[in-house]
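Visitor: So the protein lines, in turn, are chains U and A.
Its first residue numbered 67, the first sequence is counted upward by one per residue in my numbering.
Its first residue numbered 21, the second sequence is counted upward by one per residue in my numbering.
Hints in this document: simulated from the structure, not taken from any laboratory.
No residue lacks a Cβ here, since even glycine has one placed at the ideal position from N, Cα and C.
Among the clues, some could well be false.
Just some of the chain A residues that point at chain U, by a computed CB distance under 7 Å [as the list claims (entries may be wrong)]:
hint : residue
1    : Val55
2    : Lys162
3    : Gln175
Residues per chain are reported as follows:
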Amino acid sequence: MAAAAQHPNIKLYTYAEVTEVSGYIGNFEITIKQKAKSVDHNKCTGCGTCWEKCPTKVDSEFDLGLGKRKAIYIPFAQAVPNKPVIDRNTCRQFTKGKCGVCQKVCPTGAVDYDQQDEYIKEKVGAIVMATGYDLFEWEKVYGEYGYGRYPDVITGLHFERMASASGPTGGKIIRPSDGKEPKTVVFIKCVGSRDDQKGKSYCSRACCMYTAKHAHQVLEKIPGAQAYIFYMDVRTAGKMYEEFYAKTLEDGAQYIRGRVSKIYPLGDKLIVRGADTLAGVPVEIEADLVVLATAMVPAKGSEEIAKIVGFSLDKDGFFQEAHPKLGPVETTTGGVFLAGACQGPKDIPDTVAQASAAAAKVIGLLSKDQLAAEPIVSQVNEELCSGCELCKPICPYKAIDMKKITERAHGKVIERTVATVNTSLCQGCGACTVACRVGALNLKGFTNEQLLAEVEAICL
Amino acid sequence: MKRIGVFVCWCGSNIGGVVDVPRVAEAAKEMPNVVFATDYKYMCSEPGQELIIKAAKEHNLDRVVVASCSPRLHEQTFRKAAERAGLNPYMFEMANIREHVSWVHAQEKEKATEKAIELVRRAVFKAARLEPLYKSAIGITKKALVIGGGIAGIQAALDIADAGFQVILVEKEPTIGGKMAQLDKTFPTLDCSS
Chain U
67 MAAAAQHPNI
77 KLYTYAEVTE
87 VSGYIGNFEI
97 TIKQKAKSVD
107 HNKCTGCGTC
117 WEKCPTKVDS
127 EFDLGLGKRK
137 AIYIPFAQAV
147 PNKPVIDRNT
157 CRQFTKGKCG
167 VCQKVCPTGA
177 VDYDQQDEYI
187 KEKVGAIVMA
197 TGYDLFEWEK
207 VYGEYGYGRY
217 PDVITGLHFE
227 RMASASGPTG
237 GKIIRPSDGK
247 EPKTVVFIKC
257 VGSRDDQKGK
267 SYCSRACCMY
277 TAKHAHQVLE
287 KIPGAQAYIF
297 YMDVRTAGKM
307 YEEFYAKTLE
317 DGAQYIRGRV
327 SKIYPLGDKL
337 IVRGADTLAG
347 VPVEIEADLV
357 VLATAMVPAK
367 GSEEIAKIVG
377 FSLDKDGFFQ
387 EAHPKLGPVE
397 TTTGGVFLAG
407 ACQGPKDIPD
417 TVAQASAAAA
427 KVIGLLSKDQ
437 LAAEPIVSQV
447 NEELCSGCEL
457 CKPICPYKAI
467 DMKKITERAH
477 GKVIERTVAT
487 VNTSLCQGCG
497 ACTVACRVGA
507 LNLKGFTNEQ
517 LLAEVEAICL
Chain A
21 MKRIGVFVCW
31 CGSNIGGVVD
41 VPRVAEAAKE
51 MPNVVFATDY
61 KYMCSEPGQE
71 LIIKAAKEHN
81 LDRVVVASCS
91 PRLHEQTFRK
101 AAERAGLNPY
111 MFEMANIREH
121 VSWVHAQEKE
131 KATEKAIELV
141 RRAVFKAARL
151 EPLYKSAIGI
161 TKKALVIGGG
171 IAGIQAALDI
181 ADAGFQVILV
191 EKEPTIGGKM
201 AQLDKTFPTL
211 DCSS
């Protein structure tokens with residue numbers, strides 16, 4: 067993280083979004099919306115006085131509600147940049163119009179309540195999508211696990227925040243309900259993954275391993291603890307993965323093959339009822355804490371950004387690669403590449419590998435001085451074009467414009483409008499040729515004459 | 021008179037296991053403008069491509085038809101082969117007799133062969149009307165945009181930046197780091213994730 071911020075070739079925009087992309091491979095024009103941070107980061111030293119004095123406490127998104135943050139905040143102590151923003155939705159200065167504490171205490175006068183969103187234009191030759199994933203919202207569908215009503219049924223990411231030495235509990239695994247250390251922890255895998263009925267049909271790939279890691283951490287951090295893992299399959303395809311799983315078994319983790327049918331509270335315990343399908347017996351465990359390995363789903367806003375940049379999604383909403391085997395980091399839009407879980411569920415080693423692969427593709431592209439543009443593009447027969455403009459809105463690449471031409475007709479010079487194709491933008495999809503009523507548009511390599519010859523060949 | 025060469029691929033047993041490939045090549049010989057037709061186990065392989073180049077020279081071919089897999093897989097391969105044979109790379113047409121024939125009609129071998137012949141005929145008719153096309157050159161802005169500042173975005177940005185190119189890294193949250201910054205130790209090495 068720090069290396070990215072310090073790199074002389076990297077310009078970092080945080081608290082920012084890409085709102086517009088136009089152009090084509092090698093020549094994109096982008097607009098970045100820099101959301102108002104309400105803090106001038108050129109003046110701010112990151113001393114932290116403002117967030118210490120801020121009177122507004124809200125749930126920390128970074129700690130998934132297990133900890134608190136202020137209205138002026140950095141998400142966590144090692145954040146990059148290590149300078150705060152004001153959350154205008156909760157800050158009293160913005161919601162009630164009075165407070166001003168942070169501005170008063172700031173020693174450098176960096177707090178600026180009047181700061182506006184800024185729009186910045188940039189030109190780039192290639193785009194890497196790395197928008198990641200979110201977790202499946204299990205609370206909405208898994209009634210048997212309590213629809214999120216039991217505070218001691220948490221997700222793997224909650225567990226991570228607790229296990230983290232810099233997290234809200236300082237690395238201590240506790241029950242969110244009463245802060246006690248759990249002695250019996252139940253893990254449930256495939257919550258939302260491999261579940262056509264309630265979730266997604268795919269495997270989220272990282273959960274088997276992180277659940278093994280969580281079980282290992284429970285057994286390591288809590289003396290005398292028990293860890294039970296309900297699973298459908300254990301998938302450990304990765305270098306040193308099977309060995310890691312074997313070690314977790316040695317540590318004493320108890321794997322139970324079967325699904326959990328119900329969780330309900332009894333006193334301060336959670337009763338986890340399921341089946342051991344290998345032994346063919348029902349199982350009931352009195353648990354202190356239940357951790358769900360929830361599915362990875364595309365990050366919120368994936369669909370919108372895919373539309374802005376201009377490429378397609380797969381059936382699950384992940385970004386569609388050009389070819390599952392031979393083009394795993396390319397999209398079908400030239401110059402746009404994919405890295406990480408935005409393309410599909412992935413663990414960290416695979417994410418890093420794909421990110422480097424995407425980078426290699428970008429470096430290869432940017433190393434060229436010129437690009438050869440595909441000649442399979444649309445062309446206009448100006449004599450036939452009536453200037454009806456029907457083709458213009460149909461073009462998904464905004465490659466068609468209208469232009470004026472002058473010509474002689476019946477002894478007079480007349481001016482009329484005809485379509486013109488920007489051959490750099492045109493991707494050769496052929497949509498315009500179908501829309502053109504007079505047949506003035508033709509796709510090179512797929513001309514009307516060529517297509518009719520094919521029809522003739524089949525119908526002979 | 022056009023001079024078309026037709027090259028029919030077995031794709032190992034992918035096509036050859038269903039379609040009577042030699043019969044398709046024989047049928048192609050009877051099609052208009054076809055002066056040469058043959059079949060080979062793997063047309064995309066080096067010997068397969070050499071076969072096309074050699075035949076193009078020997079039979080003075082001015083356009084090439086390959087009947088094999090989807091153009092998504094090997095259109096570029098065969099365009100390059102056509103170019104190496106001294107032809108304009110767009111004087112090439114492909115017939116997909118794998119995805120469109122052998123993979124979907126594995127139970128009806130006779131009909132599959134007939135369909136393959138029809139698709140080759142289609143390609144031959146189109147090939148007769150192909151015109152040379154030429155690529156144009158466009159410039160490149162030597163700068164990259166990375167959208168998302170998690171581990172994937174950071175890794176990609178660092179690699180591109182290390183190669184000497186400017187990178188713009190855009191993150192919607194107030195900090196970079198993404199999900200990985202939220203994690204504790206990570207498997208299988210259990211090192212920290214900061």
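Visitor: All the hints need checking, so say for each whether the structure fits it.
Guide: Here is what the structure says about each hint:
1. Val55: violated (17 Å)
2. Lys162: holds (5 Å)
3. Gln175: holds (4 Å)
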